[in-house]
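A.B. asks: Sequence:
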Amino acid sequence: MLEEIHLQGKTVNDIEECLQQVPLHTRIVEVTKTAHALGCDLKVVSDSNAFYIRTILEHYGIYNCFSEIITNPIVVEDRGRLRIFPYNDMDSPHSCDLCPPNLCKGGVIERIQSSISESERKRLIYVGDGRNDFCPTLKLDAGDFVMPRMNFPLFDRILNNRALVKAKVHEWSNWEELATILHELINYISNEEEVECRTANQLNSVEYNNEAPGSTNEPLTVVTD
1 MLEEIHLQGK TVNDIEECLQ QVPLHTRIVE VTKTAHALGC DLKVVSDSNA FYIRTILEHY
61 GIYNCFSEII TNPIVVEDRG RLRIFPYNDM DSPHSCDLCP PNLCKGGVIE RIQSSISESE
121 RKRLIYVGDG RNDFCPTLKL DAGDFVMPRM NFPLFDRILN NRALVKAKVH EWSNWEELAT
181 ILHELINYIS NEEEVECRTA NQLNSVEYNN EAPGSTNEPL TVVTD
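Residues 1 to 225 (the working numbering) are what the sequence shown spells out, left to right.
Source of the hints: derived by calculation from the structure; they are not laboratory data. These numbers were taken from a predicted model, which means no experiment stands behind them. Even for Gly, the Cβ is constructed at its ideal location relative to N, Cα and C. One or more of the hints may lead you astray.
Stated by the list, open to error - In silico lysine to aspartate or glutamate, EDC-like type, Cα no more than 20 Å apart, as pairs:
1) K168 to D141
2) K168 to D156
3) K168 to E192
4) K139 to E68
5) K139 to D97
6) K139 to E120
7) K139 to D156
Stated by the list, open to error - Distance windows between CB atoms, simulated:
8) G143 to C18: 37 to 43 Å
9) S115 to V22: 26 to 32 Å
10) E118 to P93: 28 to 34 Å
11) Y63 to N13: 15 to 21 Å
12) P93 to S67: 23 to 29 Å
13) T34 to S119: 23 to 29 Å
14) K168 to G39: 17 to 23 Å
15) E118 to P153: 30 to 36 Å
16) S67 to V12: 22 to 28 Å
17) G80 to N160: 41 to 47 Å
From just these sequences and the hints, can you work out the full model?
C.D. replies: Below you can see the structure in the form of C-alpha cells.
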C-alpha cells in the first residue's frame, strides 16, 4: 500500500495529515490520560507500524502516556519513501501458528510478563478485537482481564474457546463503553490492591509500614489495534 501511495506522489507530510484525521473518541483520550496519571503502565502492541501509531497518538496528545510501542518499525528512505520492516526478523521467525509471520503478540505478552517481578504483582488488561489478539489472550493469567470488542474476530474466538481463556472477559461494543469499563477496571484493581496492601501492613512488622500502598502495583494495560 505504501508503494502505491508513493507512486501517486504523496509525501510523508501528506500521509501525516491524513493520519491526523483518524478519529479517536474523546473518552478514549480521557481514560488514557487518567490511567497514565494513576500510574498505570500503558503499552501498545500493534500489527500496524511505528510511524502511523506515533503520528495519531501525538496528534491527540497521548503519545507520552505509553511506555512502549511494540509494532513494525518504519524508516523514511530517499525521496520520502516510507518502508516498513517486520517486528520479527524473517530470518528468525517465531513458531506461533496463530499469529502472522511479522509479529507474535503472544510472545510480546510473555516477554512483558517475564519482566514483572513478584513484588510488583501487576495485572494485565488487554484490549483488542482482531484474530491475532487471540494468541496473547491465551497467555493471560487468571488475575488478568481481556476486553474483546463484541462481534469482532477476537470476541468470536473467545466464545468458541472459552475454556482456554483464563483471564476475566469484559466485552465492549463502542468506544464510550470501552472507556467506561476500562476506567472501572483500573479503579477496581487499584482499590483491591490498596486493601491488600493495608492488610499486609497490618500483619507485617512495623519496618514495612513506610512503603506507599499501591506504589508499584498499578495495572499494566496493553492496547492493541
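A.B. asks: With respect to the beta-carbon atoms only, verify the hint that G80 and N160 lie 41 to 47 Å apart.
C.D. replies: 45 Å, holds
A.B. asks: Should the hint that G143 and C18 are 37 to 43 Å apart at their CB atoms be regarded as holding?
C.D. replies: At 41 Å between Cβs, range holds.
A.B. asks: Would you mind confirming whether the straight-line C-alpha gap from K139 to D156 stays at or under 20 Å?
C.D. replies: 17 Å, holds
A.B. asks: Holds or violated: K139 and D97, Cα atoms, limit 20 Å.
C.D. replies: 14 Å, holds
A.B. asks: So if I understand the rule, the pair passes when the alpha-carbon distance is 20 Å or less; does K168 with D141 pass?
C.D. replies: With Cα atoms ~9 Å apart, K168 and D141 stay inside 20 Å; holds.
A.B. asks: Between K139 and E120, is the straight-line Cα distance small enough, at 20 Å or below?
C.D. replies: 18 Å, holds
A.B. asks: Does the Cβ pair S67, V12 satisfy 22 to 28 Å?
C.D. replies: 26 Å, holds
A.B. asks: Does the hinted range 26 to 32 Å hold for S115 and V22 at CB?
C.D. replies: 30 Å, holds
A.B. asks: So does E118 sit 30 to 36 Å from P153, Cβ to Cβ?
C.D. replies: Holds: the Cβ-Cβ distance is about 34 Å, inside 30 to 36 Å.
A.B. asks: Going straight from one Cα to the other, do K168 and E192 come out at no more than 20 Å?
C.D. replies: 16 Å, holds
A.B. asks: Between the beta carbons of T34 and S119, is the distance compatible with 23 to 29 Å?
C.D. replies: 25 Å, holds
A.B. asks: Is the hinted range of 28 to 34 Å satisfied by the C-beta distance from E118 to P93?
C.D. replies: 32 Å, holds
The structure meets every hint from the earlier list without exception.
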